[in-house]
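*Asks:* Could you build the full structure based on these sequences and the hints that come with them?
Next come the chains, spelled out residue by residue.
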Amino acid sequence: MSKFAIALLITVFGLSACGDKEGVVVYKQGSYSGKTDGKPWENAAFAGDKSKWDNSIRARGQNQNESKRIGD
Amino acid sequence: MARMKFLCDSERCIECNGCVTACKNENEVPWGVNRRRVVTLGDGLPGEKSVSVACMHCSDAPCMAVCPVDCFYHTDEGVVLHDKDMCIGCGYCFYACPFGAPQYPQSGAFGQRGKMDKCTFCAGGPEVDHSEEEFKKYGRNRLAEGKLPLCAEMCSTKALLGGDGDVVSDIFRDRALKRGKGGEMWGWGSAYGKPEPGTKKPEVKS
Amino acid sequence: MKQLKSNSWLWACLLAACALVLASAHAADAPAPPAQIQAQAQKPGVTPAHNAEATWREVRAGTPGVTTVRGTETGVLVSPDGNTWRQIRHGPVTFYGSLLVILVIVAIALFHSRKGMLRLSEKPTGRTLVRFSNWERSVHWLVAISFVCLALTGGNMLLGKYVLMPVIGHTLFSWLAGMGKFIHNFLGVVFSVGAVLMLATFYKDNIWHPSDAEWIRKAGGLVSREHVPSRRFNFGEKIWFWLGVGLFGLVMIASGLSLLFPNLYETRHAMQTAEVIHSIAATLIFCMSLGHIYLGTIGVEGAYQSIRTGSVDETWAKEHHQLWYDEQVQKKLGKGA
Numbered sequence: 001m002s003k004f005a006i007a008l009l010i011t012v013f014g015l016s017a018c019g020d021k022e023g024v025v026v027y028k029q030g031s032y033s034g035k036t037d038g039k040p041w042e043n044a045a046f047a048g049d050k051s052k053w054d055n056s057i058r059a060r061g062q063n064q065n066e067s068k069r070i071g072d
Numbered sequence: 073m074a075r076m077k078f079l080c081d082s083e084r085c086i087e088c089n090g091c092v093t094a095c096k097n098e099n100e101v102p103w104g105v106n107r108r109r110v111v112t113l114g115d116g117l118p119g120e121k122s123v124s125v126a127c128m129h130c131s132d133a134p135c136m137a138v139c140p141v142d143c144f145y146h147t148d149e150g151v152v153l154h155d156k157d158m159c160i161g162c163g164y165c166f167y168a169c170p171f172g173a174p175q176y177p178q179s180g181a182f183g184q185r186g187k188m189d190k191c192t193f194c195a196g197g198p199e200v201d202h203s204e205e206e207f208k209k210y211g212r213n214r215l216a217e218g219k220l221p222l223c224a225e226m227c228s229t230k231a232l233l234g235g236d237g238d239v240v241s242d243i244f245r246d247r248a249l250k251r252g253k254g255g256e257m258w259g260w261g262s263a264y265g266k267p268e269p270g271t272k273k274p275e276v277k278s
Numbered sequence: 279m280k281q282l283k284s285n286s287w288l289w290a291c292l293l294a295a296c297a298l299v300l301a302s303a304h305a306a307d308a309p310a311p312p313a314q315i316q317a318q319a320q321k322p323g324v325t326p327a328h329n330a331e332a333t334w335r336e337v338r339a340g341t342p343g344v345t346t347v348r349g350t351e352t353g354v355l356v357s358p359d360g361n362t363w364r365q366i367r368h369g370p371v372t373f374y375g376s377l378l379v380i381l382v383i384v385a386i387a388l389f390h391s392r393k394g395m396l397r398l399s400e401k402p403t404g405r406t407l408v409r410f411s412n413w414e415r416s417v418h419w420l421v422a423i424s425f426v427c428l429a430l431t432g433g434n435m436l437l438g439k440y441v442l443m444p445v446i447g448h449t450l451f452s453w454l455a456g457m458g459k460f461i462h463n464f465l466g467v468v469f470s471v472g473a474v475l476m477l478a479t480f481y482k483d484n485i486w487h488p489s490d491a492e493w494i495r496k497a498g499g500l501v502s503r504e505h506v507p508s509r510r511f512n513f514g515e516k517i518w519f520w521l522g523v524g525l526f527g528l529v530m531i532a533s534g535l536s537l538l539f540p541n542l543y544e545t546r547h548a549m550q551t552a553e554v555i556h557s558i559a560a561t562l563i564f565c566m567s568l569g570h571i572y573l574g575t576i577g578v579e580g581a582y583q584s585i586r587t588g589s590v591d592e593t594w595a596k597e598h599h600q601l602w603y604d605e606q607v608q609k610k611l612g613k614g615a
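Chains as they are written, first to last, in our numbering: chain A, 1 to 72; chain B, 73 to 278; chain C, 279 to 615.
Hints should not be assumed to be uniformly reliable.
[To be verified] Stretch-level coverage of chain B by chain C, calculated; a stretch enters the list once three of its residues show a Cβ under 8 Å from a Cβ in chain C: (1) 109–122; (2) 141–154; (3) 165–174.
[Unchecked claim] Here are the simulated DSS-like pairs of lysine-lysine, each with C-alpha atoms no more than 25 Å apart in a straight line: (4) B:219 <-> A:39; (5) B:187 <-> A:35; (6) A:39 <-> B:209; (7) B:77 <-> A:68; (8) C:596 <-> C:610; (9) B:209 <-> B:187; (10) C:393 <-> C:596; (11) B:230 <-> A:35.
Quick caveat, the hints were computed from the structure, so don't treat them as lab data. Backbone N, C-alpha and C define an ideal beta-carbon position, used for all residues, glycine too.
*Replies:* If you want it as structure tokens, here you go:
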């Protein structure tokens, strides 16, 4: 009886973790249906090369990190 | 996928208003509109803090929720943009926004609101990238040039950080760790702050 | 219609409300620096222990700082009332407002299907009495036409997103809403002038008269179809006049005018409050106007002709406004003699 109760408690406790919500941000979209905006890499500068654009943005982002850029 | 964010380090901002000027110059914003502003808290007193603020590109954006014509959208990079051709200048996004980001150039006989203007994270708007139209309505599209917003990129003390949220938070976390513990740590003032003048120490019963 | 999403929103509302109360309590000494910083300033020579929580708590409550950017409230870093406004407008105002309008329309439809048009019980005599002068009719239609346009364009601002936009699409809707806003702004001024003229023109005949007591007792004979003698305007019309045009009309005008001039350096809080008052008053005045329009068109035979042409048949006058009819006859006799 007590073993069963403990097992039940553990199961319930363990299952309660399934109710945990993911902490990932979900962007709430309005119902916009105006002009479509192109992707930032779909233009002459990047010619649709997304990884090139990603690298450029990442490099620019790291430029703001002066402890890496000029050292500590 | 990058999620674009701004972060302003109030320990570093020196209220030079460089970001404000850079934004105006880069985007040639309409007269009377300031997409970015610097607010100083406790100005002139010890411990004053300055923060540069613009559109924060919210995930659950109030402007988007209240817009009666639904002219707002999120780009895949998490930037909140709007279509000025659809905007009717009702002012609801201005009422709803906590940061005072949406602003209106005055137009018409009675100073009515024109089309709303706000920070675009230097990502232009729903027009052909780098077109005359886009620049006139929304300003420079630096994101499509593989660059970050000018306000953040040119910040002299690197107080204002912009870009992918992960990168920005990494930079800031590093910085906070290097500064070590102290006044800027959350909860420090409450836990170890000096008692207010005039308050008595609790008497210890022997 | 956006419902409250979770408890956290409720808490946010409560907190914002508390913050508002606090902010208004401290409004008098708003330019003074926050208490924490003041306390630090009182101890010269001591390095201030920067209290991040205290600073951010002030920011969250909407305490203004200093900025070089000119304008109203540019020093406020985070304004907490926007979310409160959003919750109120997109919650109860939209939901209960549209519910009320639907209920009133259904009630009128039911009433009409049960009772039908109130017809004259006797034959028209062919002799007419002047009920409304040209001036009175002009004022009425100035207010009526501008009101209907305002109601349609204003209702579109509140509900068009849910009703019209899914039908006609975003592009056409935004164009329509833009035109609507323009019309609303300009006709609002026309309505304001018209409503004031209307109050000045009709107030004399809308003053309380002892015969109104009987009208109230018999509920105007609306259900019993009994003819309750009344003077020029019965008590129902008087309610519409004082409550609809007088109270709600003036509330609409006052809140509307403050929204019309965004460059008057009003705070956001003032505009949010004005917007909510404007929407609530608009919903109520619109519901009342539905009753007025119903009784003035298909509800009562001859009512529309009276405001359209200005004259009514003597039978109509006798059946609907007997005391007024008697007065008119007395006047005519007096003149004739």
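*Asks:* Work down the list of hints and note, for each, if the structure agrees.
*Replies:* Structure-based check of all given hints:
Coverage of the segment 109–122 of chain B by chain C holds in this model, with 12 residues showing a Cβ closer than 8 Å to a Cβ of that chain against a need of three. Counting residues of the segment 141–154 of chain B whose beta carbon lies closer than 8 Å to any beta carbon of chain C gives 3, which reaches the threshold of three, so the coverage claim holds. Against chain C, the segment 165–174 of chain B contributes 7 residues with a C-beta closer than 8 Å to a partner C-beta. That satisfies the three-residue criterion, and the hint holds. Taken as a hint, the residue 219 (chain B) and residue 39 (chain A) pair is honoured in the structure, with Cα atoms around 14 Å apart against an allowance of 25 Å.
Of the supplied pair hints, the one linking residue 187 (chain B) and residue 35 (chain A) holds, its CA atoms being roughly 16 Å apart against a limit of 25 Å. Between residue 39 (chain A) and residue 209 (chain B) the CA atoms are separated by roughly 18 Å; this keeps the pair inside 25 Å, and the hint holds. Using a Cα cut-off of 25 Å, the hinted pair residue 77 (chain B) and residue 68 (chain A) holds, with the two alpha carbons roughly 20 Å apart. Between residue 596 (chain C) and residue 610 (chain C), the direct Cα distance comes to roughly 15 Å. Compliance with the 25 Å bound is thereby established for this hinted pair.
For a cut-off of 25 Å, the pair hint linking residue 209 (chain B) to residue 187 (chain B) stands: about 9 Å separates their Cα positions. Of the pairs offered as hints, the one joining residue 393 (chain C) and residue 596 (chain C) holds, with about 21 Å between alpha carbons and a cut-off of 25 Å not exceeded. Simply put, residue 230 (chain B) and residue 35 (chain A) have alpha-carbon atoms about 35 Å apart, too far for the 25 Å limit, and the pair is violated.
Checked against the numbered hints given earlier, the structure breaks only hint 11 and satisfies all the rest.
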